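Residue numbers (the numbering used here), protein chains in the order written: chain B, 1 to 153; chain L, 154 to 589.
Bear in mind the hints are in silico, worked out from the structure with no lab data behind them. This one's a predicted model, so the numbers in the text were calculated from it and none came from an experiment. Glycine included, every Cβ here is placed at the ideal spot set by N, Cα and C. Treat the hints with care, since some could be wrong.
Not everything, but these chain L residues come out facing chain B in the computed CB check (under 10 Å) [to be verified]:
{"id": "1", "residue": "Leu272"}
{"id": "2", "residue": "Ile284"}
{"id": "3", "residue": "Arg285"}
{"id": "4", "residue": "Leu286"}
{"id": "5", "residue": "His288"}
{"id": "6", "residue": "Gly313"}
{"id": "7", "residue": "Val319"}
{"id": "8", "residue": "Arg344"}
{"id": "9", "residue": "Asn434"}
{"id": "10", "residue": "Gly547"}
Derived Cβ-Cβ restraints for the label pairs, each shown as a range [stated by the list, open to error]:
{"id": "11", "chain 1": "B", "residue 1": "Asp113", "chain 2": "L", "residue 2": "Asp393", "range": "58 to 66 Å"}
{"id": "12", "chain 1": "B", "residue 1": "Glu144", "chain 2": "L", "residue 2": "Gln333", "range": "34 to 42 Å"}
{"id": "13", "chain 1": "L", "residue 1": "Thr184", "chain 2": "B", "residue 2": "Arg25", "range": "52 to 60 Å"}
{"id": "14", "chain 1": "B", "residue 1": "Arg151", "chain 2": "L", "residue 2": "Asp521", "range": "55 to 63 Å"}
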Amino acid sequence: MANLLIQCVGDPLRGDDGAGPEVARRLLAAPLPASVRVREHWGEGVELMQEWDRVTRVVLVDAAHSGAEPGIVHRFDPSNEPIPADFCYYCTHRFGVAEAVEMARALGYLPPDLRLIAIEGRDFGLGQPLSPAVAAAVEQVTAELLALARRED
Amino acid sequence: MSESPRDEQRVIQVDALARVEGEGALYLRVTDGVIQDLKFRIYEPPRFFEVLLQGRDFSDAPDITARICGICPMAYILSACQAMEQAAGVSVEGDLRALRRAAYCGEWIESHVLHAFLLHAPDFLGYPDAIRLSHDHPDLVRKALELKKLGNRILEVIGGRAVHPVNFRVGGLHGLPRRQALAELAKELERGLDLALELTRFTGGLDFPPFEYDYTCVSLRHPDEYAIQEGRIVSNRGLDIPVSEFEAHFDEEHVAHSNALHGFQKDSPEPYLVGPIARYNNNFQQLSQLAQEAARGAGLGPVVNNPFQSIVVRMIETVYAVEEALRLIRGYQEPAAACVSAEPRSARGYGCTEAPRGICYHRYDLDDRGHILEARIVPPTAQNQKQIERDLRGLVAHRLDLPDERLQWICEQAIRNYDPCISCATHFLKLTVERG
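Kindly produce the complete structure, drawing on both the sequences and the hints.
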């Protein structure tokens, strides 16, 4: 059972939506404590929520499209505040991160500690690389999560 | 909203339909109480999978086509496998076949329960979404989530992972599942059967808007079982053909308002229906006794003509799928090998399986090295588009006195009867109603 679950949401084929998967790829390339689990996830909300069962601490990493400058890192504590419904980037499936959090809240399934890190994206085009500002934010978030994971050791 | 909607032009426009898989819209224009225009529009971009397959090795097709959909990858995997195995002149039988069928049952369970309770049930109960439903009916949603998870578990144990399973290949599987994992799964399925029956009873108690249509139901039929992963293509109008004759009877056409081709019958102007109601109406007698009893208990006879009752039919098929997966897993004897050899040759292969939303047709032409020369894929939602528009016209024609908000609600509910998978079909809804 994981004490810390890091769910990195997005589609690596959709430009800056690949921020989450890139964070996952970098974390998985590093030595991590056994109690830390890193998951790259396509973002289907029900499946995200069902992975929270018996996990103490969950960090969600996703791309945002709130209109802010690309590369800005937004941070939410969903146990204290709802995530704006249109905040995260969705392509086709409307039951995503924000909906998963709100449904989990209604059902009493929220983990004791849940955080959302959302990296503001700019270009979500098919086959596009990460924007430079988003790539820099990925590096910053990865370093932060590696430090968090190592404290689990 | 108009107080006297019959006396003026009304336009109802939904620019982005929620609670469907993919991106679609609805446009409705009514003038002096007469429908002038009604379009169910799929605007998700086309994805060109057939062209992407050209030149690829025949063994790549199951894994590539699985990416067409995250909800029903088994449909693509096994339709492609079936076609390639036919082209290679081999068949996958016995316990390997049983593992594939059990995994397909997993896909029906996760897809049907997701749609019935998280996407469609809010329409019947007056909620805008499943989150508000969860606030008022938390136990119901918890049970539905548990059952959906069971479908995913089947796919994980047999297919290696729940989304885009990786353990299936032309000729069988890459590896055999662990016996202990299957034994644990059987215990979960026993509990799942009770959940499926309870949730089916719940759907039977919903209020169904009065509407009926004499559907042309097209589905697979198999002589020995409720058809899922193979069979002949049949209809309730007397059609009974091998999969290889599909294109002689059915085709697709481009319409300007949709990025998904519209399926049609070559020898009839009538639209046709694929999916749970079509399967149920064509093959009711092959459902298990328990599933048939669940249907009767939920108030259904052997033929369903009210599309809003599709939510019940999905749950009856879920009962069947749980029971069938349990039967297959209990009877499973580990085979000597995980696959049979399939050597490529210059040939044409056909495949067709029952995706949760209806028949999913594949045809491939291969060269003598097993490279794909041409591929054709006809997914279920493309085939249902004309029937969806026909249902909407029939529904709206008798409800023009409704205010726009209520009219839009029932139109969206009617579209969700089809659990349309736009991602598959473009490879779905904005509603615009104009009244005048």
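Tested hints:
1. Leu272: For Leu272 of chain L, the interface hint holds, since the closest Cβ of chain B sits about 8 Å away, which is under 10 Å.
2. Ile284: 5 Å, holds
3. Arg285: Constraint on Arg285 of chain L satisfied, holds at 8 Å.
4. Leu286: 9 Å, holds
5. His288: OK, holds: His288 of chain L within 10 Å of chain B, min 5 Å.
6. Gly313: Nearest chain B Cβ about 15 Å off; hint violated.
7. Val319: 14 Å, violated
8. Arg344: Since chain B brings no Cβ nearer than about 16 Å to Arg344 of chain L, farther than 10 Å, the hint is violated.
9. Asn434: 30 Å, violated
10. Gly547: 27 Å, violated
11. B:Asp113 with L:Asp393: 58 to 66 Å: With a Cβ separation near 59 Å, Asp113 of chain B and Asp393 of chain L satisfy 58 to 66 Å, so the hint holds.
12. B:Glu144 with L:Gln333: 34 to 42 Å: Because 39 Å falls inside the window, the suggested range holds.
13. L:Thr184 with B:Arg25: 52 to 60 Å: 56 Å, holds
14. B:Arg151 with L:Asp521: 55 to 63 Å: 59 Å, holds
Against the hints set out earlier in the document, violations occur for numbers 6, 7, 8, 9 and 10.
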